[in-house]
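Trainee: Each chain is listed here by its residues.
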Amino acid sequence: MSTVRVLVGTRKGAFVLTSDGKRKQWDVSGPLFTGWEMYHLKGSPADPNRIYASQTSGWFGQIIQRSDDGGKTWHQPGTPPGETMTPEGTPKGESNKFVYEGEVGKHLWYDGTPHPWEFKRVWHLEPSLTDPDTVYAGVEDAALFRSTDGGQTWHELSALRSAKGNLWQPGAGGMCLHTIMQDPNHPERIFIAISAAGVFRTDDRGKTWRPMNRGLKSQYELPDPDAEVGHCVHRIAMHPSRPNVLFMQKHWDVMRSDDAGESWHEVSGNLPTDFGFPIDVHAHEPNTVYVIPIKSDSEHIPPDGKLRVYRSRTGGNEWEPLTKGLPQRDCYVNVLRDAMAVDSLDSCGVYFGTTGGQVYASANGGDSWTAIVHDLPAVLSVEVQTLR
Amino acid sequence: MIRVVLPAHLRTLARVDGEIKLDIEGPVTLRSVLDALEARYPMLRGTIRDHVTLKRRAFIRFFACEQDLSNESPDTLLPDTIATGAEPFLIIGAMAGG
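Sequence order for the protein chains is S and R.
Taking the numbering used here as reference, the numbering of the first sequence is continuous, increasing by one, and the terminal residue is 569.
Taking the numbering used here as reference, the numbering of the second sequence is continuous, increasing by one, and the terminal residue is 172.
It is possible that some hints are incorrect.
What the hints assert, rightly or not - Quick look at which bits of chain R chain S covers, simulated, 3 or more residues with Cβ under 8 Å:
hint, segment
1, 77 to 90
2, 105 to 117
3, 122 to 133
4, 156 to 170
In short, the hints are calculated from the structure, not lab data.
C-beta: ideal position from N, C-alpha, C; glycine also.
Throw the hints in and build the complete structure from the sequences for me.
Mentor: See below:
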């Protein structure tokens with residue numbers, strides 16, 4: 182019997198929600214790391230018992246946590262609990278050491294002046310598709326780090342910041358690298374997205390990077406709406422069977438690329454608003470895409486107080502509202518960029534978490550929804566593991 | 075023997091209850107106390123001071139004998155009552171919020 186494990190990061194801790202394949206009864210465990218901001222938790226595709234978590238605090242900084250038993254127990258990689266000596270000697274305690282490599286350099290600050298890169302937190306952890314000990318970290322101020330020893334040590338793929346990093350600038354939430362996507366057909370290829378810089382791609386495992394923003398238009402955000410970098414990309418998504426097709430929720434506009442990011446075209450179509458944060462793709466239908474429209478960049482609430490997921494079965498342009506089981510009045514929550522995910526059961530499950538602390542699930546591709554937990558702290562991220 | 079009190083979140087990370095007792099050889103300073111603390115609890119590295127610069131994190135405070143020593147030089151000798159263990163050395167999460 183398959184089971185589903187939903188990993189939820191919130192402003193005040195992490196939660197693990199589990200169910201069998203029917204996805205009707207849910208067990209809620211947590212909070213883990215109570216009181217800490219849990220930006221993201223994600224399991225390794227190569228070993229589902231291996232889960233990485235980003236734990237942060239304005240007081241105490243960044244912590245990386247790791248579980249090797251599916252979330253039952255956790256430790257900081259390289260520092261086993263209760264032991265000050267390991268077979269390798271005294272632990273160095275470097276699992277939270279994120280140091281930019283080479284010259285730190287400067288990016289644009291909110292006021293347009295140059296500002297030095299300063300590490301703040303890990304927004305997103307992306308485990309390798311094939312090696313449980315390899316994991317990527319997207320951080321603020323925007324950079325990509327990689328660990329090949331299970332999170333014990335981290336090294337920046339610093340060539341990324343050479344891709345016109347001097348012109349990147351923070352969005353309202355900070356200058357974060359929030360999306361990391363590995364191409365399953367080309368192990369050397371990685372896509373990343375930064376707010377507010379855009380999409381970048383490497384075809385050589387991070388040695389060189391190119392901006393991939395042709396076709397994006399940011400008319401009210403940038404002085405040159407067609408600029409090569411500087412776009413506020415909120416999220417990108419792909420289906421693993423078709424990695425050349427990418428979908429994007431930009432600050433404004435839902436976009437699609439059919440050539441691995443070389444060019445983009447708008448597919449907002451009949452959406453009530455094309456502002457939003459998350460975007461995801463159905464597990465078995467590469468042309469079925471989900472977004473959650475939000476009224477505007479200045480309001481960050483659902484239009485008309487109605488929480489609606491929009492689904493396109495045509496790869497964009499034609500969208501239908503999915504409302505069954507979702508609040509259709511007096512709802513003013515937001516859904517953040519890392520807070521939507523899908524499972525891979527035969528009937529694809531779709532999940533999202535809100536800033537109001539609800540996690541909604543659909544076991545039928547979005548046709549109907551249930552709040553599987555109601556009153557968590559504000560949800561920052563949702564990931565799903567399908568366990569067979 | 076030095077007595078160190080950690081804020082709750084760092085006690086959780088270090089998996090300790092109550093005060094920590096550290097033996098320090100040589101001068102008892104902010105630096106030597108933090109060096110000894112991090113050597114014994116490496117999971118705390120980076121949470122109190124920066125890994126590279128060793129500067130105190132912005133929202134961390136060091137209190138001892140009803141004094142705020144946060145901005146003292148790392149090599150300033152701590153009061154005798156701290157060095158002898160009569161009083162604890164307090165590592166505090168600063169008030170920040172509304």
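Trainee: Are the hints correct? Go through all of them and say.
Mentor: Each hint tested on the structure:
| no. | hint | verdict |
| --- | --- | --- |
| 1 | 77 to 90 | holds (count 5) |
| 2 | 105 to 117 | holds (count 6) |
| 3 | 122 to 133 | holds (count 5) |
| 4 | 156 to 170 | holds (count 3) |
Hint compliance for this structure: every hint is met.
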